[in-house]
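Novice: Sequence:
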Amino acid sequence: MINQDQRSMLVDALTPPPDHTFENGIVTTFSLDLVTLLSVPLNLCWLANPKTRIADIDPLATLEAMRRTASKLTVFCQPGRLQPPRVVSPLFVLLEDMVYEAVALHGGAFHPKVWLLKFTPNVTGMPAVLRLLVLSRNLTDDASWDLSLRLDGRVSKKRNTQNKPLVSFINSLSELSIRKVPAARTDNLQTLASDAHHAEWELPDAFERLNFHALGLGKKPTIWIPRPAPNERWDELGIISPFVTAPAIEALTKSTDSTTFLISRPEELDRLPNKNSAYFGEDWVLNDQVDSAEDTDELPGRQQGLHAKLFVGRKAWNTHVFLGSANATSAALLAGLNVEFMVELIGRHSRVGIPSNWTSEVGIGDIISPYQRSSIDESDETLQIRAYLDELRQLISAAELRLTCTQQEDGWVLWLAGVEKIDFGQVEVSCWPISITQARAISLSATNRQPLMKIGSFALEDLTSFLAFNLKIEGQQQSFVLNLVMHNAPHNRDIEVLRAALKKPGGFVRYLLLLLGDWDPGSRTYDGDGGSQWQINPAAGDAPLFEMLARAFAREPDRLAVIAELMRRLRKDLSMDGESAIPNDFEIIWKPFEQALAHRGKRKA
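Heads up, the sequence shown is in the numbering used here, so the first residue is 1 and it goes up one at a time.
In short, the hints are calculated from the structure, not lab data. Treat the hints with care, as some may be off.
[To be verified] For lysine to any residue, the following SDA-like pairs were computed, each having C-alpha atoms within a straight-line distance of at most 25 Å:
# : residue 1 : residue 2
1 : 602       : 562
2 : 572       : 594
3 : 219       : 207
4 : 315       : 162
5 : 503       : 229
These numbers were taken from a predicted model, which means no experiment stands behind them.
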């Protein structure tokens with residue numbers, strides 16, 4: 001059973017168990033906010049400060065977290081559903097190789113919200129931990145009401161047949177990706193799939209069994225209606241779904257002897273014919289004060305309201321709870337067009353409750369109200385324009401667009417190819433790299449399109465494969481980002497981002513403390529202008545660098561190997577102005593340790 005007082009934070013689920021380190025992971029989401037994604041490596045590496053706003057993410061901590069996780073975490077999302085970031089940051093370049101857009105096999109949406117993370121022990125004899133998150137929530141900063149399930153597990157010696165749908169889902173991701181997934185990442189996915197096949201999951205209290213349901217991955221589209229067993233009917237059924245369609249609601253009502261409740265968004269229920277709404281004994285919506293919470297920031301594009309998806313049915317002595325990504329819509333359930341993922345938990349109804357409990361005071365009864373039908377506020381013309389923009393978004397996302405870089409004396413020029421083949425109609429279309437503001441966007445109007453469109457001239461650190469688009473017509477607009485293939489990209493963009501961060505006052509020393517492990521991410525100071533900066537842990541800050549390096553060499557010399565690699569890259573890849581980011585004083589301190597590491601390496605050889 002669940003109630004509105006049982007809250008969970010995604011950051012808690014991302015924090016490694018004690019004495020464990022993040023090793024490998026995948027994330028799937030329909031829509032994706034890159035600023036939110038930047039915070040994920042911080043939590044996986046124990047470098048996050050829970051009190052820090054996303055806009056205040058420290059670049060040095062993020063750089064170190066990305067160094068540890070970038071090659072180990074792979075994110076898949078729906079094409080055209082990358083959200084333009086609300087801030088401009090050079091750190092986004094570090095996400096380019098992590099994010100892959102994936103398509104549904106049968107023309108629907110890539111819609112799952114599944115995370116699978118592996119944490120390996122730092123202590124000999126402890127087992128590795130698998131953590132599976134099945135969510136209704138996308139990887140965004142939306143202030144919506146969602147449901148989540150967290151399952152921790154251990155990798156056993158024998159395969160577990162109940163995990164086959166999860167394994168098939170993981171194995172399909174590389175094939176669904178628009179961009180080719182590199183071999184190293186594909187190997188990581190295969191390792192995770194193998195671990196998942198052998199996983200033994202710890203079930204939530206009172207539940208006795210679970211089943212996984214991966215939808216939209218078969219050779220042909222297949223209908224899926226949650227049932228207690230094939231061809232069996234529910235004794236009673238309740239549904240929570242923010243989006244609904246009349247055929248799906250009708251099919252669901254035919255699967256049960258009693259329809260207990262339907263909770264959805266009021267505008268969705270308004271669009272149902274009266275006969276569909278009448279199939280359910282009770283129709284509910286979120287309370288007004290809950291749907292528009294006062295403690296959330298009203299930012300453009302930020303979603304609020306109901307976003308949870310759940311089907312709860314009772315059959316004889318058992319209650320089945322299905323949660324995940326699938327809405328009660330034709331695309332998700334009847335047509336089999338979408339890629340979705342659902343998990344089914346089964347338990348005795350005497351222990352886990354019955355469907356009607358969900359709308360009672362022991363469930364979420366305090367935050368819902370009976371639905372009252374109203375007229376649809378949006379005109380047919382508004383809905384048609386929105387649908388037209390959605391179609392154009394999909395057309396641009398499916399086009400084989402690509403970027404090319406050419407170097408000039410004063411920087412780099414970015415070119416866009418493939419856009420001349422797209423018919424924009426009367427829509428005003430503009431684009432810009434997310435490393436700059438929308439104010440510098442260029443128009444892609446029909447009058448000036450060429451096989452190669454010049455996006456602009458940029459500094460090395462502003463080159464990015466993330467290209468934002470804005471579509472506008474008759475006062476309505478949509479914005480989205482694509483992660484395009486970029487040809488002739490300079491190889492040292494990431495080191496330029498690091499160099500810029502290290503050259504800030506105190507930056508080099510603070511980054512060394514991160515590498516040496518003497519970093520306190522919770523210690524911050526604030527200036528009078530509302531800004532903030534990271535502060536070295538006083539205990540670590542009092543220790544001279546030479547002594548800290550000596551201690552690391554004696555106890556954990558591998559930490560110095562990381563510093564040696566940093567020094568090698570900083571010396572090799574000088575910035576465009578030829579200035580080194582390494583302080584001269586540190587070069588003197590570092591030299592004996594560099595020699596000692598080289599001597600140690602020779603002895604090992």
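Novice: Given the hinted pair residue 572 and residue 594, is their alpha-carbon gap at most 25 Å?
Specialist: Holds, at about 16 Å.
Novice: Within a Cα-Cα threshold of 25 Å, do residue 315 and residue 162 meet the stated pairing?
Specialist: holds, 21 Å
Novice: Is it true that the CA of residue 219 sits at most 25 Å from the CA of residue 207?
Specialist: Violated, because 33 Å separates the two Cα atoms, which is more than 25 Å.
Novice: Can the restraint linking residue 503 and residue 229 be considered satisfied, given a maximum Cα separation of 25 Å?
Specialist: Outside the cut-off at roughly 63 Å; violated.
Novice: Is it true that the CA of residue 602 sits at most 25 Å from the CA of residue 562?
Specialist: Since the Cα atoms of residue 602 and residue 562 sit roughly 18 Å apart, the hinted pair holds (cutoff 25 Å).
Of the numbered hints listed earlier, those contradicted by the structure are 3 and 5.
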